[in-house]
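Engineer: As a plain string of letters, each chain reads:
Protein chains: 4
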Amino acid sequence: MDYQKIIDDLHLKYKNAVNKGKIATYIPELKKVPADKFGINLFTLQNQSFGAGDYQEKLSIQSISKVYALTLALKEIGEKLWKRVGVEPSGDPFNSLVQLEFEKGIPRNPFINAGALVVCDILISNLKSPKVEFLNFVRKLTNSKDIYFNEKVVASEKKYGFVNAAHVNLMKAFKNIKNDIDVVLDLYYHICSIEMTCEELSRSFLIFTNDGILPYNKERIISLSVSKRINASMQLCGLYDEAGQFAFKVGLPGKSGVGGGIVAIHPDLYCITTWSPKLNKKGNSYIGFKVLEEFTTITQSSIF
Amino acid sequence: MDYQKIIDDLHLKYKNAVNKGKIATYIPELKKVPADKFGINLFTLQNQSFGAGDYQEKLSIQSISKVYALTLALKEIGEKLWKRVGVEPSGDPFNSLVQLEFEKGIPRNPFINAGALVVCDILISNLKSPKVEFLNFVRKLTNSKDIYFNEKVVASEKKYGFVNAAHVNLMKAFKNIKNDIDVVLDLYYHICSIEMTCEELSRSFLIFTNDGILPYNKERIISLSVSKRINASMQLCGLYDEAGQFAFKVGLPGKSGVGGGIVAIHPDLYCITTWSPKLNKKGNSYIGFKVLEEFTTITQSSIF
Amino acid sequence: MDYQKIIDDLHLKYKNAVNKGKIATYIPELKKVPADKFGINLFTLQNQSFGAGDYQEKLSIQSISKVYALTLALKEIGEKLWKRVGVEPSGDPFNSLVQLEFEKGIPRNPFINAGALVVCDILISNLKSPKVEFLNFVRKLTNSKDIYFNEKVVASEKKYGFVNAAHVNLMKAFKNIKNDIDVVLDLYYHICSIEMTCEELSRSFLIFTNDGILPYNKERIISLSVSKRINASMQLCGLYDEAGQFAFKVGLPGKSGVGGGIVAIHPDLYCITTWSPKLNKKGNSYIGFKVLEEFTTITQSSIF
Amino acid sequence: MDYQKIIDDLHLKYKNAVNKGKIATYIPELKKVPADKFGINLFTLQNQSFGAGDYQEKLSIQSISKVYALTLALKEIGEKLWKRVGVEPSGDPFNSLVQLEFEKGIPRNPFINAGALVVCDILISNLKSPKVEFLNFVRKLTNSKDIYFNEKVVASEKKYGFVNAAHVNLMKAFKNIKNDIDVVLDLYYHICSIEMTCEELSRSFLIFTNDGILPYNKERIISLSVSKRINASMQLCGLYDEAGQFAFKVGLPGKSGVGGGIVAIHPDLYCITTWSPKLNKKGNSYIGFKVLEEFTTITQSSIF
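Chains as they are written, first to last, in this note's numbering: chain S, 28 to 331; chain V, 28 to 331; chain R, 28 to 331; chain B, 28 to 331.
Everything labelled a hint here was simulated from the structure, so no lab data went into it. A few of these clues could be false.
Copies of one chain are not kept apart here, so a pair can be met inside one copy or by any two copies together.
Distance condition first, Cα-Cα at most 25 Å in a straight line; then the derived DMTMM-like pairs of lysine to aspartate or glutamate [unchecked claim]:
no., residue 1, residue 2
1, LYS167, GLU84
2, LYS155, ASP29
3, LYS49, GLU128
4, LYS245, GLU269
5, LYS42, ASP209
6, LYS309, GLU321
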């Protein structure tokens, strides 16, 4: 399969469509990103990288980072985590408090904001220096030291993060947050502020393609079973209230962020990442979704 | 009508029933109040006071204070207030976030917690020293200097007030809170911490019996129209999700608090206050509700 | 008080405003009513009638009829009725299924559609000829034989009444409907189809002004207590999700219908009815609400 | 892989656990099925069948039949179907009306009852003899004439199917049901009443394993793309509010029914069916879920 050609063709085809959709405006710092940024990268288990456009430029990975946080928390406390966070799709927009109240402070899954806040709470309870250790973990998965938090984005999110504060307070009321609210929010905004390139994202997600083993040094990070479960979670809950459409049209586990990134993985074959800042109505990258749909159609590589 | 005898009889009759229901436990400081406290006071427009039991002992008035806050805010900004708070019953338990989210941060009425938080926000925007001026306002209505905040109750509420913090954050996200969240919560917990006797409560609520005029010095505090509207709000929203039962069985506008107090007013005739700490399932004083029901039946003084 | 002049003035003042709002379109038969119909009638306990405009013309009373149904059902089975229907405001648009599902098939009050359907179910279980006996009951309250069901309206409602069918099926699933679904819906649509004039409506509601006694023959229909409770129910739940505004601005117990009628009663004084077909966003007569608000302001006769 | 041994071992291991969970009681006819029925069948693309226990006995397939209905409807009208039914998980118990009302009568997916009712409505609009053609379609997929509706189950469901009637009426109110309500419910109850063996179920679902082609005669029934999409739908929505757990622990697209059957398919490899009537709290076969979880762990055949 000539992956480079397929990716180049898709980049060319969608280049002029980058103006569809809307940039996320609730984080002022993100509004500064040029709307025409557009990158695609595919990284195979055979260590080959295929890229097009701005695939080596840093983007704000935002919610994609929730997958790293979940992985690290599962490494730390294992299956116990699932007593405090569910694994069911939410069936509601990603910032809804309704379901959280109805379900007594147990978020439906680790990829809605409330779920990621509980995961952060777990990391704080179990790590000595949560921020440092989290960053080191992502650097290790990526095999790169050049990954940082963006403190401006952190500050910007804190200033307007009232909905997240509402969530975490509600869960504290239900006793599903153990640490100080400000500390939990601080870690949460830090993990979301990480900046990486499409290529780095692809490379770091290869452990989920490789049954939990880091391809570059063969180190097992998580068990086969945990790796499959994280993939299943991404498939069912990775794209907010558009997970069904993504399974339906793309057919791969994936995770999106409001910075316009989407990562999708094919177990056994590859990891592919797209970046285009403008989002569709469900909060996922407009072009990215289209590119991934067309990619799996061309390569016939949906897992279904 | 021999009010003193009626009240004495009711006190005697219900004295041994004070163990029904449950003391509110979510504010630890309130748990210290002896469960057998039981007071009744009726104050007429003719300046007569009839009391039984612990009616001259201080109780934590809690949500009853929301009526003072609303009155003061209406004095300050008038009808504009109703753009930021509704006047419809909530149809939901008093701490629910569901409706608030559905209605985009506009609380349904000024007596649910979210509504009182917006009222506090308005007071902060319009008063130089909100806490001092609020306290002075209540003292003026009561014609007594002996009314104070209880800082222990404030501290106790702040420590466990995560649901209120969730509400105020959510409304801030919808831009219906203008001031700093901590400042709003601080005022809110202060106004709820006020301690007054049954007799003081009755006396201070007489303005709503007297069309907005203070009986003791004939000063008009609010217009006839505003007075009637506050009465209507109490009738429809004053007893959380039991307002219907209260209208149905007692038939007077009233306001309850989780400290076990209930104030009810009869336009043109009297104001009556009961205090018994144990609450029914809806969060209203178990005995207080019964006493008021029986009182309006005996005196045939429901407004309906 | 010169009631005739006040009513004439209000009729004159609002005559040219009848085009505000929208006629209910979901019952095709109702769309045929000329939008400029406008009547006002006030009937006092002293048996005086004051009218203006089309107050002696028949209108489709629709939901106003739910008050008669409730009264008759309370006559039949008494307080037991409240085990199957609540007395709390709904806090939701009048056709919402959400709350009904949440509360396990017990409608919040007898004036939302679901509540009225349960009341019809009770009438069917307790009356030999429910339709005939219901009609006779209304005729007796009105002291007139000239009151009929409109079978065209019944047919029109049946044809499009899918939401009501959803409600009644859901309650049947929760075992709160005992009779056949079609029989319940048939009675419900019949009671809603009754046609009366403003004057007849005022006259028939005088029992609630008169503590349960028919003024024209002094017959007691319901006890004082039941009469007051029905008034309380109207105050809290009589105008769908606008009950708060109505209490606030009009200050009287009342009941509206989508045919554009509103009846309001002042305990001890009078009953007043308005009719204008165009409705505001909450489903209540646009002009009628305004007229009643101004009437109680002029006459200072709010119960609060 | 020695499938026969694996299945025999699982059958032996779980045989004594068939008493966990509860038989569905809302369809009286289903209560008559002996609780200790227990069958497993695996059918490979290579036309090999492996069975244990009661795998050749008929069971009431119930909701599993919704997959056939969806497939047939997609054959008839293609992608247009998705304008009337969504593809997102519901995040709510399978009989909830809340979401349906919120989303204006568009069911979230074709496997919740409301979605299947819309699919039935589509079949009625597009087929001459819906019941006959549906049955023939299932027989063709299964390559067997010995498949029938159970009219007793139909009658039993109709008698107690008030929740389904509520759903279909609500959707009719939103104009998402075109045909007569009774006709739609009649077809719906018929398709759910079909009886098949585990082996027949496995065999008939092989088209989803085989990219839309019937293995036994190589006839293409649906396109590759439609086949993958149906698999994706099953993965995300096939097990009511337990789809996440199923993806997580079993890792295959699947569909369950309240008769105690579960079918799961592995694209490219096999289809496996289990049957045990007692259900867990989410309404899925208690033992069946366990068996499938253990099966994919042993065979390492999760798609993730």
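Engineer: Are the hints correct? Go through all of them and say.
Structural biologist: Cross-check of the supplied hints:
1. In this homomeric assembly, LYS167 and GLU84 come within 25 Å of each other (Cα to Cα) only inside a single copy, at 19 Å, whereas the closest approach across copies is 54 Å.
2. Taking the shortest alpha-carbon separations for LYS155 and ASP29, neither the intra-copy value of 46 Å nor the inter-copy value of 48 Å comes in at or below 25 Å.
3. For a Cα distance limit of 25 Å, the shortest separation of LYS49 from GLU128 across copies, 23 Å, qualifies, whereas the shortest one inside one copy, 30 Å, does not.
4. Neither within a single protomer nor between protomers do LYS245 and GLU269 lie at most 25 Å apart by alpha-carbon distance, with minima of 34 Å and 34 Å respectively.
5. Proximity of LYS42 to ASP209 under the C-alpha cut-off of 25 Å is found in neither arrangement, the shortest distances being 41 Å within a copy and 47 Å between copies.
6. Taking the shortest Cα distances, LYS309 and GLU321 sit within 25 Å of each other inside one copy (19 Å), while across copies they are farther apart (36 Å).
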